[in-house]
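Engineer: Here is how the chains run, residue by residue.
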Amino acid sequence: MEKPAPLGYGLGLRPIYYEEILSSRPPIDWFEIISENYMLAGGRPLAMLERIRADYPVVMHGVSMSLASTDPLNFDYLRQLKTLAERVQPAWVSDHIAWTGVHGVTLHDLLPIPYTRESLAHVVERIQRVQDFLKRRLVVENASTYVSFVDSEMSEHEFVREMAERADCLLLLDVNNVFVSSFNHGFDPVAFIDGVPAERVVQFHMAGHTNNETHRVDTHDQPVCDEVWALYEHARRRCGDVSAMIERDDNYPPLAELLDELQNMRDIDARISKERALSAA
Amino acid sequence: MKLADFQSLFQQRVLAGSGEADKPLLKKLRPSPRGAAPETLLDVYQTGYRIRLADFVSQDHPGLRAILGDEAFDALVDDYIDHCPSRDPNARWFTTGLPDFMRENARWRDDVAAASMALFERAMVDAFDTADETPLTVQALAGFAPDDWARLAFDFDPSLTLLELAAGTIEAYGAAISEEAPAKVDKPAAGDHIEYAAVWRVDHESAYRQLEPDEYVALSEARAGHAFGDICQMTAFQQAGEIAPERLAQCLSSWFEDGMIIGVRVREDDDQSSNTPSSA
Chain A
1 MEKPAPLGYG LGLRPIYYEE ILSSRPPIDW FEIISENYML AGGRPLAMLE RIRADYPVVM
61 HGVSMSLAST DPLNFDYLRQ LKTLAERVQP AWVSDHIAWT GVHGVTLHDL LPIPYTRESL
121 AHVVERIQRV QDFLKRRLVV ENASTYVSFV DSEMSEHEFV REMAERADCL LLLDVNNVFV
181 SSFNHGFDPV AFIDGVPAER VVQFHMAGHT NNETHRVDTH DQPVCDEVWA LYEHARRRCG
241 DVSAMIERDD NYPPLAELLD ELQNMRDIDA RISKERALSA A
Chain B
1 MKLADFQSLF QQRVLAGSGE ADKPLLKKLR PSPRGAAPET LLDVYQTGYR IRLADFVSQD
61 HPGLRAILGD EAFDALVDDY IDHCPSRDPN ARWFTTGLPD FMRENARWRD DVAAASMALF
121 ERAMVDAFDT ADETPLTVQA LAGFAPDDWA RLAFDFDPSL TLLELAAGTI EAYGAAISEE
181 APAKVDKPAA GDHIEYAAVW RVDHESAYRQ LEPDEYVALS EARAGHAFGD ICQMTAFQQA
241 GEIAPERLAQ CLSSWFEDGM IIGVRVREDD DQSSNTPSSA
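Note that the protein sequences, when read in sequence, are chains A and B. Residue 260 in the numbering used here is what sits at position 260 of the first sequence, and the numbering runs on without skipping anything. Residue 113 in the numbering used here is what sits at position 113 of the second sequence, and the numbering runs on without skipping anything.
Mixed in with the good hints there might be a few duds.
[To be verified] Some chain B residues close to chain A (C-beta under 10 Å, calculated; not the full set):
#1 Arg-30
#2 Ser-86
#3 Asp-88
#4 Phe-94
#5 Ala-131
#6 Pro-135
#7 Thr-137
#8 Arg-201
#9 His-204
I should point out that these hints are in silico values taken from the structure, not numbers from a laboratory. Computed from a predicted structure; not experimentally measured. All C-beta atoms, glycine included, are put in the ideal place defined by N, C-alpha and C.
Whole structure, please, built from the sequences with the hints as guidance.
Structural biologist: As structure tokens, then:
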């Protein structure tokens, strides 16, 4: 499996941090942009992106491809995405195993599907069409979900594995999403990580969530919690050198706090490398 | 259940909330291992949808919230979300229909001040991400012979919007976004009075300023591609203003200074286009 080279430790690029990033050049290896926020004719977002792109690798992460929707693929959207990709030259383009609406409506959310043979065939076919259109391999992410369905014929990680192999796509493993969904649906998050094809994973997402006791919600407005750090370590041991990043989308802390989370990743990875070196010696 | 039928049911639950129509969907949900009620879990999607859209509207309409007050503003946003589900993958475009919704909706159409504020704030949002152009300075005029001045026509930044607003809109907006912004700004008692504004983008930020009636007419005509000399001769401008050529020169100077002008050209007699290549 040919994968893009690992980029190191990255951060979701958000407007609140533009100025600090440009003025202080913090130790961040790469940035992930939300594609839709830059699918514009012009203005400050594109100008800032251009300045940051001049010095950092960038990957494009979308939230509106609606790969699982039964509406037709939105080729106006895909054309805009392709145009942005030509401009940004990202290391890769990603989106989610989810749908965002049907009948022309968009709910601006990553909505769940039953993991059925029908859903699988549908998503695989759409990923293939998108890859053909974009002329690049797509990176597809597991989403957080709050409900699951009696119609499901397989587990989520079985769905992810078969989808990736049949569509020949790459994977973005959102470690926080694995944890949130495992809590909400009562599956083993370690088994999930062990079940996805590690050779196709090119990126990790790490983020915080909200604990409502009976369910957890993927809010990206908190620091990464201890359980997700533990799961990260497991994912790192299994998937090896994969680009990893922090997503923060609300309740923004000083940039230094996010840099501390990146440092925590580096420390975990250094410990794993040291252990491996020792056991190999 | 087919995937398409499932998605229709699920979306209906998100858009309309809980009700009798949910029953087939509820039958399809596995029980939560943590004892969360199915309604609670579906509400995560429903409330998330409404909160996200309400946030978009709030971010784009601080002035509207300030003059309506929180309660009326939230009612307006609720009405808008109910009547106009989002249809563009890019959430940025959701709020753009709000002024049209207000104009067409019986509950809001008579609130002239609110409709005016919504229109103004939409222009501010639209200016923010229109295509990039490079503004010219007044030095651009130096390359033209004095004999050509009457035939000079101008191209304007694509972000420029000219607005006819209810009187007091601009002052209320300024109060709403000021650093010591009060929670509530007095709604302008506009009556039939109007004011004029230009909204455009400069240095990556949306900008605005109030226009005198004669400048509004002149700028409208200049943007339509009419030449400097022709605008001076226009009856509308003569009626709206005072001494045409001097006043127009003053206006032109401020348009350059504001970064509104991106092209200057000599308009030929048969030139009907306002988009011919610029010179200077």
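Engineer: State for each hint whether it applies.
Structural biologist: Hints, verified against the model:
| no. | hint | in the structure |
| --- | --- | --- |
| 1 | Arg-30 | 5 Å, holds |
| 2 | Ser-86 | 5 Å, holds |
| 3 | Asp-88 | 7 Å, holds |
| 4 | Phe-94 | 8 Å, holds |
| 5 | Ala-131 | 4 Å, holds |
| 6 | Pro-135 | 13 Å, violated |
| 7 | Thr-137 | 20 Å, violated |
| 8 | Arg-201 | 7 Å, holds |
| 9 | His-204 | 4 Å, holds |
Hints 6, 7 from the list above are not met by this structure, while the remaining hints are.
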